[in-house]
Amino acid sequence: MIKHLKLTKAVVAMALGIVALIVAKIMENYKMEGNQVVLSVAGVLFIASALIFLYPIVFAKKADKDGKSVELQPVEKEPENQALNAS
Numbered sequence: 001m002i003k004h005l006k007l008t009k010a011v012v013a014m015a016l017g018i019v020a021l022i023v024a025k026i027m028e029n030y031k032m033e034g035n036q037v038v039l040s041v042a043g044v045l046f047i048a049s050a051l052i053f054l055y056p057i058v059f060a061k062k063a064d065k066d067g068k069s070v071e072l073q074p075v076e077k078e079p080e081n082q083a084l085n086a087s
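Per the UniProt record's numbering, residue 1 is the first one in the sequence shown, and the count goes up by one each step.
Worth flagging that the hints you see were computed from the coordinates, not collected in a lab. Be aware that a few hints might be false.
Computed spacing ranges between beta-carbons, pair by pair [stated by the list, open to error]:
hint: 1; residue 1: 60; residue 2: 34; range: 32 to 42 Å
hint: 2; residue 1: 30; residue 2: 60; range: 17 to 27 Å
hint: 3; residue 1: 61; residue 2: 33; range: 47 to 57 Å
hint: 4; residue 1: 47; residue 2: 6; range: 15 to 25 Å
hint: 5; residue 1: 4; residue 2: 30; range: 41 to 51 Å
hint: 6; residue 1: 56; residue 2: 31; range: 40 to 50 Å
hint: 7; residue 1: 47; residue 2: 2; range: 11 to 21 Å
hint: 8; residue 1: 61; residue 2: 32; range: 30 to 40 Å
Nothing here was measured: the structure is a model prediction, and the numbers come from that model. Backbone N, C-alpha and C define an ideal beta-carbon position, used for all residues, glycine too.
Make the full structure from the sequences, and use the hints.
Structure follows, in structure tokens:
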């Protein structure tokens with residue numbers, strides 16, 4: 001589902017945010033300078049990943065002509081379907 005909706009960048013940004021948060025907390029425990037900068041980078045990464053997660057919802061295709069129903073339709077895998085039918 002993540003590949004179909006093209007959310008790999010959001011997952012990577014979320015993982016980097018978690019790593020940055022852990023680094024900031026370690027820096028805080030050892031009383032090192034710059035932990036606030038790393039914490040703000042983690043926050044920016046979390047916000048960016050949240051916006052990227054919202055992208056498929058905002059730009060979803062309308063399913064009916066009236067525009068009342070909206071569906072998220074992942075891209076179909078054409079080569080696999082053709083390979084199964086050829087066998």
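Quick rundown of the hints versus the structure:
no.	hint	verdict
1	60 to 34: 32 to 42 Å	41 Å, holds
2	30 to 60: 17 to 27 Å	46 Å, violated
3	61 to 33: 47 to 57 Å	49 Å, holds
4	47 to 6: 15 to 25 Å	19 Å, holds
5	4 to 30: 41 to 51 Å	42 Å, holds
6	56 to 31: 40 to 50 Å	42 Å, holds
7	47 to 2: 11 to 21 Å	19 Å, holds
8	61 to 32: 30 to 40 Å	49 Å, violated
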